[in-house]
Amino acid sequence: MSQDRDQPAIVGLSPWLPWPLSAWPSWTTPVRAERLAAMRIGLAFIFLLDICLLFAPDTLEYFGKNGLGSPTVFGWRFQAPRTTWSLLRGFDDGATTYLSLSTFILLTCWILGTSLMRLLTTKLNPPPQDRTGAALAIWTASLAWYVGGVWSRMFSANEPDDWAWIVPLIGAGLALLFLILESLQRWRDPHQRIPWVSMILATLFFCALAGFGWYFAWMENYDADAWWMPMYRSWQNEDSLVLTAMGLWIASVFLLLIGCCTRTVAVLTWLLSISFDNLNPNLENAGDTIRVTLLLFLMLCPCGAAWSVDAWWAKRPGPVYVHPWPIRLLFVQLIFIYFMNGLYKACGTTWNEGISLHFVLGDLVRARFSRAWLQLPPWLTSLLTWSVMIWELAFPLLVIWKWPRRVALFFGVMFHLGIFVSLEIGAFVPYALCMYLPLLPWERLRRGS
Amino acid sequence: MQNPSQPGAPASPRQVLLGLFIIAQLLYMLLNNTLGFVMWSTSHYGDEWGPLVDRVAPRFAKEQGHGWQWCDELQKNMRRWSQLTLQDEQWNLFAPDVGKGCCFPVVLLLNTDPGAADQGLPDWRPSFDARFGHHVNFGTGQPMDAVALLLSENEPQDVGAFFRVGNSRGRGFENDIWVSPLCKTIKTPGEDPAERLETSAEAAARLTRQVRNLAIDERETSLAYMKWRLRSWQQAHADAPPPTQVILLDRFYRIHAPDEGHGWDGPFVVPIMRWRPKTDQPHAEILLESYDFDQHRFSPVQP
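As they're listed, the protein sequences go chains H and P.
Per my numbering, the first sequence starts with residue 1, numbered consecutively.
Per my numbering, the second sequence starts with residue 450, numbered consecutively.
Bound conformation, chain P alone:
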């Protein structure tokens, strides 16, 4: 067997460099995965395991002390390598838990006077259910004063009969924007009998806070999505006047638990945020408004 390397000769700089890369890659996989898991589990299960962990590694469970700080620094440095090479060594697909609901974004276009709409949205009937929280009831169709209700292309028209191929990229974009905070709060009936269900006021305060954070954290992606849907609609309806309000809604379905039989509850519609498009408005000055579930109106969110 022929080998280009000369027997007896020392390793060349390239051979050493390649060897170092292999070692570094092995260490990176080991450390990034292990540290990621240790830090994650400490954050999530600190209450249960904290005293035991703190005996072995002082103040680690409190996310303080030398051990935690060193791990944190190491993680930060490895994150730079992850970002440089786009290797995300955080393997927790469908874990630690899977969602018990699923959500789709909806864009509602309105032509009503935004000023009047501040006092509530006509034809919207807010509801509250201790299991499902706050949502809006449109009745059987779209609101009467809506220009258009643009459902997600990914939402099956009939949840009982659909087959899906393609468009996974667009679906991924929608799925990454905002939906999980609301989905995670859905309760399965009888899931935890000892747990007290939220009152309407508590749920309203929580959802208002969540949606507000969402409007801050996902401002750019949400705005890009609303603009994209609006642009697509305007291209298809060139003669229609531009809408005065673009409202992002969330339609979520609760998946039945195994003992409930197959099926879904929903869709429940939750208002998320509003954008009032104006011509020639600089991007930085665009104001998003998040929904206030207590006042049942949109309120401005400062970026």
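In isolation and in its complexed conformation, chain H is listed as follows:
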């Protein structure tokens, strides 16, 4: 898309919103892209430190086959009807097999539905063409994973299946059908763009898989020691695969930090984060929940529209704006975090008595330093205890007006910094502070704006 010089540009998809959100300027007025970029950079920076310092040095101890998160320890979390999943459990895992099948079915309906709709409404003021190709890429990946799941059961039972080629062949047929529908649209609307390369590649890919399936179907038995066999078992059982995944995780977070292929690496980072986090949930705390939530929003929004390699490559001359929905959603999340914490605290005895902070600071498991070094008087710990509870409970009200909102947010930053100084609970505080980053006017840093 070409722009006039210094003409502001809006990047990203404008969501369809029902009333009252559609009439609410906070949800509809675009904001500067630097705000999302600041959150992306802040989160990725903390995340990179978190992985490199707290996860990577003990990768095999935490996630390996004999480690604290070995497949037997938390295997129950992946049983039906739970929807917990991890790519690192390999193709053989039931949860990922069914999730990939569900994704494949949903996306097949989506691609067919949108193609048919466009075909039928070509002359009837159709919606804008905003296709990115993501659906086809995810469709291909999900079907490929499902094929891997089907084959892994065939390999583990060592019973060749005569129909091992049928699923990939269906995939090839569907990819061809998508191509035909696209061609029909082109026939009705000459301005229609056809993603020839990706569609032909998808077709060829599944044809090749069908060929492999045909080969596997005719084998008499499978060599359990073949070099490719570990790929079809839990990847946790292979140290090299766990370490490779860890390397990939670090690389994806680094690319997210610099904003290179931002959307793709945000998705990869999210996939790997959930995959690792689910293998050993005992390593996690509330900061990791915040991190995963932030990643979920980042991968759905144009967080690489500013301060990124992608933005440098796009060379947009004027200021760049994005739709504000991720920032608003995060703010709502922030309100729920504080208010619900306040509500639970209000039900507790120690918070109402004003003694919680006294015990928290004396907790030898979490305290950063010995309580003997900083003996706060009981009246002060009581005051701090009550002020935290009241601030959390009042947070939804305080953020309605401008100045109380600023005071509440300033108190929030101080509260988190206080936790960071007094408690050693990993990256919880930096992750929580990342939620404040898009609230700051980062665009003022830009020269001339």
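Hint data in this document are derived by calculation from the structure and do not stem from the laboratory.
As the structure is a prediction and not an experimental result, all values here were calculated from the model.
Hints may be right or wrong, so weigh each one.
[Claimed, not checked] DEER-style ranges, computed between Cβ atoms:
| no. | chain 1 | residue 1 | chain 2 | residue 2 | range |
| --- | --- | --- | --- | --- | --- |
| 1 | P | R658 | H | A208 | 29 to 39 Å |
| 2 | H | I390 | P | R504 | 26 to 36 Å |
| 3 | H | Q192 | P | K525 | 37 to 47 Å |
| 4 | H | W24 | P | W519 | 24 to 34 Å |
| 5 | H | A137 | P | A689 | 53 to 63 Å |
| 6 | P | W519 | H | C109 | 22 to 32 Å |
| 7 | H | G418 | P | L480 | 24 to 34 Å |
Cβ atoms here follow ideal geometry from the backbone N, Cα and C, with glycine treated the same way.
Following the hints, complete the assembly by docking chain P onto the known chain H.
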């Protein structure tokens, strides 16, 4: 300002999908948090508020009836979204109450004959205190017949002087395994003068039950932890014979109440469970034994 969407054109399927995601996410945050709190508070404060709640929502406080069942079903469905996206909308950090004690796991390696040890552990002096419950007194050091007493790396050597940076992940793992049931039972002196303190027999029965449940519920994590500590020790002591017993203990400290001045009581050591490592034993056949505070011996726990 340039916008890629065409004015006047209907929303595209992607725009509608994104909008639906935003609405769904807002509803998810609202419902999951609200329902979670309502159901939790009903379970915890049903005795106090039950009659009032039941007038508004029949049989809700008894965790029955349409209202409760509908909420429960809704929660279950939202839990699937939580599991899928790893968004745990249950925000009750350090709430509703904070612990008045803190615990660290300890692994004790013994080379004594497990059969003889069944009748009690030599050099262990079980004690009972109405305030602190049952614990084991090692005297000033480790038991005489111990190969090694592996304290947690997270336990400060001097509780009066320590500064901590890093290892929050490992500490989180230890903290999530087992310790809270014992910590929560510690009594602060004079906390509730009207409350009758447990007798030795009552405390023994309660602790035996708690530890047994712990050995069942946290079998895999506890076993993984013991194996991990043992493996680390064996790597550092390659020439040492393998221990015949690996015993998981809990060292807990009671934090002084504000009116007691700063400080801690403890550490009090509580035996939790035992694993007798055998070579080439399939994982599923490994038997854990939980401590019986009445008999002062370990007894097998069937997974």
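Practice task
Look at the Cβ atoms of H:A137 and P:A689 and judge whether their distance stays inside 53 to 63 Å.
Solution key: 55 Å, holds
Practice task
Starting from the range 26 to 36 Å, see whether the pair H:I390 and P:R504 falls in it by beta-carbon distance.
Solution key: 30 Å, holds
Exercise for the section: Starting from the hint 37 to 47 Å, judge whether the C-beta atoms of H:Q192 and P:K525 obey it. Expected result: 44 Å, holds
Problem - Status of the given 24 to 34 Å range, CB of P:L480 versus CB of H:G418 - result: 32 Å, holds
Exercise for the section: Evaluate the given range 22 to 32 Å for the C-beta pair formed by P:W519 and H:C109. Expected result: 29 Å, holds
Handout entry: Assessment of proposed distance window 29 to 39 Å (beta carbons of P:R658, H:A208)
Key = Check failed, 60 Å falls outside 29 to 39 Å.
Problem - Range hint compliance [Cβ, H:W24 to P:W519, 24 to 34 Å] - result: Because 30 Å falls inside the window, the suggested range holds.
In this structure, the one hint that does not hold is number 1.
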